[in-house]
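S.K.: Line by line, the protein sequences give chains A and B.
Each residue of the first sequence is one higher than the last, beginning at 1 in our numbering.
Each residue of the second sequence is one higher than the last, beginning at 287 in our numbering.
Just so you know, these hints were derived from the structure itself, not from any lab.
Each hint should be verified, as a subset may be incorrect.
As the list claims (entries may be wrong) - So the derived label-pair ranges between C-beta atoms look like this: (1) B:Ala581 - A:Glu269: 32 to 42 angstroms; (2) B:Ser417 - A:Cys226: 39 to 49 angstroms; (3) B:Arg516 - A:Thr117: 19 to 29 angstroms; (4) A:Thr256 - B:Asp390: 40 to 50 angstroms; (5) B:Ala581 - A:Val138: 13 to 23 angstroms; (6) B:His309 - A:Thr256: 39 to 49 angstroms; (7) B:Thr371 - A:Cys226: 45 to 55 angstroms.
Stated by the list, open to error - Covered by chain B, according to a simulated footprint, are these stretches of chain A (three or more residues, beta-carbon under 8 angstroms): (8) 32-43; (9) 135-148; (10) 161-167; (11) 208-218.
What the hints assert, rightly or not - To give an idea of the chain B side of the interface with chain A (calculated C-beta under 7 angstroms), a few residues: (12) Val342; (13) His344; (14) Ser387; (15) Gly389; (16) Ile450; (17) Arg453; (18) Gly570.
No experiment lies behind these values; they were computed from the predicted model shown.
For every residue, glycine included, the Cβ atom is placed at its ideal position computed from N, Cα and C.
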Amino acid sequence: MSMSRNVIFVGGPGSGKSNYLFRTWIAIERETGLLVKDGLPPDLGYLHDGATILLDGRFAPHTSRDTRHTSSIPIAQRNLPGFTSTLVVPDASGELWLDLYRKREWPLAWDELITETCGLVLLVLAGSPHNVPALDWVTCERFYRDGVSPQPTDIPTQVLLVDWLQILHSIADRKLGRKCAPRLSVIVTAWDRVPTDRQRGSPQDYLEAEFPLLAQFIQADAHGFCAKVFGLGIVGGDPELDPEFRKHLQLSDPSTLGYVITASSTGVERHADVLEPIYWALGLQA
Amino acid sequence: MSKYECSNADCTVAVTEKCVLSHVPIEACPNVRVVGAKTTEDKLSQTSPALPTTTVHHGNELGWQQTSALLAAQYGHLVGVLGATGTGKTCLLSSLYLLASCGDLRPSFLFAGSTTLPGFESRLRLLRKWSGSHLPEQIVDHTILSDDRQPGLLHLALLQTTPIRIRRELLFTDLPGEWTTDLVKRADKAERLRFLRRADALLITLPAPHLIESRNSQILFGRMLLQRLRDEVGVDLTSPVVLTITRCDKTGATVPPATYQLVEAAHQLGFLNVSHLPVAAFSGRSDVPSGTGLASLLDTLFQARAQPLPEAVSALDDSRMFARYRFPQDARP
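Sequences are here, hints too, so could you generate the full structure?
M.R.: Next comes the structure, spelled out in structure tokens:
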């Protein structure tokens, strides 16, 4: 019996969780990377429907609030004969993650997914209209001087992201003990939407500018995770904003498109394998 | 089959997708009902039953048990923040949090975590207020209410990058201002503040405009407070006491002269490590910008390294671990 390898996608509404899951399935099914399929999943409907949308040159729509689906994908590792496992990835709407902050509700079923071999993938979409900026000094000065409310109900995205990670680590602590340091991939999704001049910087640089609380939290390295930051374009462009790219996507093989960006000693590196963050989360990469 | 059903027996919309009453779009017809997911996108949106959930810590503040659990893993600096109502205690902490969240403490300090992140956020927006006539009497052991503001502690972890790289755990008290004024008026109100014997530092908030406009009464209040802290609470006289002069955005960065009289009074009472610090939590002035003084405050709090004490100061409550380590303070000559 093969061991399950759980990967939990963490992110708010519109952060790209479902689309990355579908792109992950396309890569595993087409066997373009290190992880390859070991037969088909018994329940393929959710993955198949999502992959169909991507292959037709669109992004999957916003996952509805009540959607809960856990995908179980039988996998093998290309360079490790005899290694078989099941990749288990729950997918749910970003509203469920908002509830974790607002209502402090954690799904009991997900507790079972926190194991010594589980990995976390935190996603934040570059330039998303769902992203709530942090309060700044100018806003606060006006608020404290004039009583002008600084959006009382909108919690800054960077606060949500850090709070979720802290909660996940406290759950891992409770279940596994403090010596366990779960693997964490932090992904800036839709890297294509980052302005061209800023794409010369690393994803960590982007976080420093847009989400300084999260960037510091990761950089301080006191969070208890084994973390790495990535930039990701799941198909290498934006078919929703760029009609030309959509045509290109429909005429191409999407499994050959997409890339991952990581920081390197010489600047940034571009990788063709979109599964790199999954490898890191599963501990398949040092 | 189409995705429509109609209560009108004469309508064939379920087969033809044409409304017998000619409604366009079809959904506009009051008799029609959408029944089936048809598109691929619709299939993805099919719902599932709600997941059973459990509750995690609300993160608004910490009680003693939660604080002890946190400090079981690492040393923490307990900072008592005292001052009358409206003297800027919450603003001070909110401003420090904003400095950290905006990255304005870099490169000397990096935000390294906070188990009370929601608490800081709601305090920054002034959404978390004391409930007026029913103020709590004790710091709670375990904060479980997410709605009411509880006397407790706010946690902020910072990574100090120079001169050595070290994680600092700060625990600030969040207490009603009435606890301070009650202490001045009545000695029997000291019991609930006895935990301050273990504090690594005490901040006493005094608004600069009050020190100018009501100089004599503020000096009286400050002297009485310091004496109560010494005689009734029994704070360690070597603990740093920082007279935190708030609202300097109103008066400028010049310290009101009354401050020096209070420093002198503190020395006369035997406090060995007294300092004063002008701060402006939020300001509209360019010469005294928002956050003025807070970096210096951190420097003051971290000015000495922690060393183990030979024995616990007291077994008063279950927060004894606070006494395990404390700043060694340089006694004044």
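S.K.: Give a verdict on every hint.
M.R.: Comparing the hints with the structure gives:
Distance hint for B:Ala581 and A:Glu269: a CB-CB separation of about 37 angstroms, consistent with the stated range 32 to 42 angstroms. For B:Ser417 paired with A:Cys226, a C-beta distance near 43 angstroms keeps the hint of 39 to 49 angstroms intact. Taking 19 to 29 angstroms as the suggested C-beta distance range, the pair B:Arg516 and A:Thr117 does not conform, at roughly 56 angstroms. Range check, A:Thr256 to B:Asp390: Cβ separation about 44 angstroms, and the 40 to 50 angstroms hint holds.
At roughly 20 angstroms, the beta-carbon separation of B:Ala581 and A:Val138 lies within the given 13 to 23 angstroms, and the hint holds. Distance hint for B:His309 and A:Thr256: a CB-CB separation of about 46 angstroms, consistent with the stated range 39 to 49 angstroms. Take B:Thr371 and A:Cys226: their Cβ atoms lie about 46 angstroms apart, and the range 45 to 55 angstroms holds. Counting residues of the stretch 32-43 of chain A whose C-beta lies closer than 8 angstroms to any C-beta of chain B gives 0; at least three are required, and the coverage claim is violated.
Counting residues of the stretch 135-148 of chain A whose CB falls under 8 angstroms from any CB of chain B gives 8; the rule of at least 3 is met. As drawn, the stretch 161-167 of chain A meets chain B at 4 residues by the rule of a beta-carbon pair under 8 angstroms; at three or more, the given contact holds. Evaluation of the coverage hint for the stretch 208-218 of chain A: fulfilled, as 6 residues show C-beta separations to chain B shorter than 8 angstroms, against a requirement of three. With a cut of 7 angstroms, the hint placing B:Val342 at the interface with chain A holds, because the nearest CB-to-CB distance is about 5 angstroms.
Restraint check, B:His344 versus chain A: the minimum CB separation of about 5 angstroms is within 7 angstroms; hint holds. Among the interface hints, the one on B:Ser387 holds; its C-beta lies about 5 angstroms from the nearest C-beta in chain A, closer than the 7 angstroms criterion. Restraint check, B:Gly389 versus chain A: the minimum CB separation of about 3 angstroms is within 7 angstroms; hint holds. The closest approach between the C-beta of B:Ile450 and any C-beta of chain A is roughly 14 angstroms, which is over the 7 angstroms cut-off, so the hint fails.
Annotation: interface hint on B:Arg453 holds; nearest CB of chain A at approximately 5 angstroms, less than 7 angstroms. Annotation: B:Gly570 was flagged as interfacial toward chain A, and the flag holds, the nearest CB pair being 6 angstroms apart, inside 7 angstroms.
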